[in-house]
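Which chain is which? The protein sequence lines are V and Y, in order.
According to our numbering, the first sequence is numbered sequentially starting from 104.
According to our numbering, the second sequence is numbered sequentially starting from 31.
Hints are computed from structural coordinates only; laboratory data are not their basis.
Note that the coordinates shown come from a computational prediction; the quantities given were computed from them, not determined experimentally.
Even glycine gets a Cβ: it sits at the ideal position worked out from N, Cα and C.
Each hint should be verified, as a subset may be incorrect.
Claimed, not checked - Dumping the calculated SDA-like pairs for lysine to any residue here, alpha-carbon to alpha-carbon at most 25 Å:
#1 K121(V) x K196(Y)
#2 K201(Y) x I284(V)
#3 K216(V) x E288(V)
#4 K199(V) x V291(Y)
#5 K196(Y) x L269(V)
#6 K194(Y) x I183(Y)
#7 K194(Y) x P120(V)
#8 K208(V) x I183(Y)
#9 K286(V) x E217(V)
#10 K289(Y) x E193(V)
#11 K196(Y) x L161(V)
#12 K196(Y) x N196(V)
Unchecked claim - So, partial list: chain Y residues that the calculated Cβ filter (under 10 Å) puts toward chain V:
#13 T202
#14 S206
#15 F220
#16 G232
To be verified - Take a look, some chain V residues computed to stay more than 12 Å from chain Y by CB distance:
#17 T164
#18 S180
#19 F186
#20 N190
#21 L195
#22 K216
#23 L228
#24 T252
#25 D263
#26 L269
#27 K286
#28 L331
#29 F334
#30 F346
#31 W350
Each chain is listed here by its residues.
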Amino acid sequence: MENLLTINNLQLIYHSPKSETQALKDLTFSVQEGEFVSIVGPSGCGKTTILSLIAGILRPTSGEILLANEKIEKPTSLVGYMFQRDNLFEWLNIWKNVTLGLRLKKSLTNENKEYARSLLKKYGLEEFSSSMPSELSGGMRQRVALIRTLCLRPKLLLLDEPFSALDYQTRLLVQDDVSSIIKSEKKTAVLVTHDIYEAIAMSTRIVVLSSRPGTVKKIIDLDFDPALTPFNRRKLKKFNKYFDEIWGLLQ
Amino acid sequence: MKKYSLSHKRYLRNLYLKDFFTHLVRVLLLLAIIGLWELSASKNWADPFITSSPSRVVKQLVALISNGSLWHHSWVTLYETLLAFGISTLLGTGVALILYLLPFMRRVLEPYLIVLNALPKIALGPLIIVWVGTGTKAIVVMGILICIVITTISMLSGYLSVEKEKILLMKTMGASPLQILFRLIIPASFPDFISVLKINVGMSFVGTIMGEYLTSKAGLGYLIVYGGQVFKLDLVMSAIVVLCLMATLMYALVALLEKCVKRR
Numbered sequence: 104m105e106n107l108l109t110i111n112n113l114q115l116i117y118h119s120p121k122s123e124t125q126a127l128k129d130l131t132f133s134v135q136e137g138e139f140v141s142i143v144g145p146s147g148c149g150k151t152t153i154l155s156l157i158a159g160i161l162r163p164t165s166g167e168i169l170l171a172n173e174k175i176e177k178p179t180s181l182v183g184y185m186f187q188r189d190n191l192f193e194w195l196n197i198w199k200n201v202t203l204g205l206r207l208k209k210s211l212t213n214e215n216k217e218y219a220r221s222l223l224k225k226y227g228l229e230e231f232s233s234s235m236p237s238e239l240s241g242g243m244r245q246r247v248a249l250i251r252t253l254c255l256r257p258k259l260l261l262l263d264e265p266f267s268a269l270d271y272q273t274r275l276l277v278q279d280d281v282s283s284i285i286k287s288e289k290k291t292a293v294l295v296t297h298d299i300y301e302a303i304a305m306s307t308r309i310v311v312l313s314s315r316p317g318t319v320k321k322i323i324d325l326d327f328d329p330a331l332t333p334f335n336r337r338k339l340k341k342f343n344k345y346f347d348e349i350w351g352l353l354q
Numbered sequence: 031m032k033k034y035s036l037s038h039k040r041y042l043r044n045l046y047l048k049d050f051f052t053h054l055v056r057v058l059l060l061l062a063i064i065g066l067w068e069l070s071a072s073k074n075w076a077d078p079f080i081t082s083s084p085s086r087v088v089k090q091l092v093a094l095i096s097n098g099s100l101w102h103h104s105w106v107t108l109y110e111t112l113l114a115f116g117i118s119t120l121l122g123t124g125v126a127l128i129l130y131l132l133p134f135m136r137r138v139l140e141p142y143l144i145v146l147n148a149l150p151k152i153a154l155g156p157l158i159i160v161w162v163g164t165g166t167k168a169i170v171v172m173g174i175l176i177c178i179v180i181t182t183i184s185m186l187s188g189y190l191s192v193e194k195e196k197i198l199l200m201k202t203m204g205a206s207p208l209q210i211l212f213r214l215i216i217p218a219s220f221p222d223f224i225s226v227l228k229i230n231v232g233m234s235f236v237g238t239i240m241g242e243y244l245t246s247k248a249g250l251g252y253l254i255v256y257g258g259q260v261f262k263l264d265l266v267m268s269a270i271v272v273l274c275l276m277a278t279l280m281y282a283l284v285a286l287l288e289k290c291v292k293r294r
């Protein structure tokens, strides 16, 4: 399969009046179409920075990022970004939140509206179309945020700790939801997380980063039956084996 | 109707009683103040020539209404206040927007804003009169000066407090700077706008009355100054009562606007 995303020798230096900080150094990895890749690493190793670079909202100091063989220079609609918080606009109802991106691109066609409506319906949010965000639970809000991203039909989803603001029970449920949505919509995803369990439960591959300046320490291919949900993966023996391996790498 | 348990009914009853009691004491307090005021005047505990009294205020108000001057003076003050309120809110919100959009200008002008905010605007009174002349114009300018700096500062901090992550989200969805402004920054800072309106209700009255103290031929501020000079404290008190009512009404209108927009 072809690489959807290629990252070559990426470097990033942050500047502040008192110092400069090398956040990323010689970062190289690639993501194939249909993969779910998680990035884990010690805090401050530049995980979120990588996503900002892929999304084109930050420029690298050197190195390059190729998405579908095109160099990323600015935000593109091939990439959808999901944040830690749902960032729903409180003054817009669910339907308007979901179609925000389409409105921005002035592509609120009947076809796209139909697609948005079908996503809401498929993931159990249709009856809340005219509700305000404040009327929804945290898990539902995060699903709305995902649908808002999917409406723009991105090829690559960037997930920046999208579950960490949820309580534990909701988190496990939403992980299953999001994983099945991404699978059934046949999207490629890159997840950044500090939760090793979450990474093992959801991904096909895990990129382990070193502490700052962040660079690839090891890439681990996970061998799970693709039909397993994240929740059910947690029950297997090899789940803990993977955990021990990653834990060891992070020490 | 839903059936509630006994304990819930008791809870609701307590809630209702508490609410009722609050309102009751509020009204009683007002009556007590008016009663005590009247009593002290009639028993000559305090000289009613200096403290006036509720009955004298009512008499004065009736006299003002019957010769039509109450409406005239109230209208003049209300007109000047509304002008100052409207112009300063619009200008302040606009200036804040420009400063928000131009970070360099914002940094340059920051100390100037701080000084302007700290300056007691009444000190500019003589300048205003020399520059724009006496009368309504000077009064409205005074009102605007008092409101505009705080409007600018409040709205600017409102724009700046829009979450960075929401701006990033807009960028990742390919939004242009104008789209970010109109679809995110402005609607997100609407609560700040409402609180600016609420502050400006009070501030624009302060400005107008101060302006009327400086230079006026009519208005409630004029009545207060005139009443003070000729020692007609009944007139002063009456004008203050009317001012209280007008300011409350305007605040209530802003609160109503807030409710309407929130429900939408």
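Hints violated by the structure (numbers, ascending): 1, 8, 16, 18, 19, 20, 21, 24, 25
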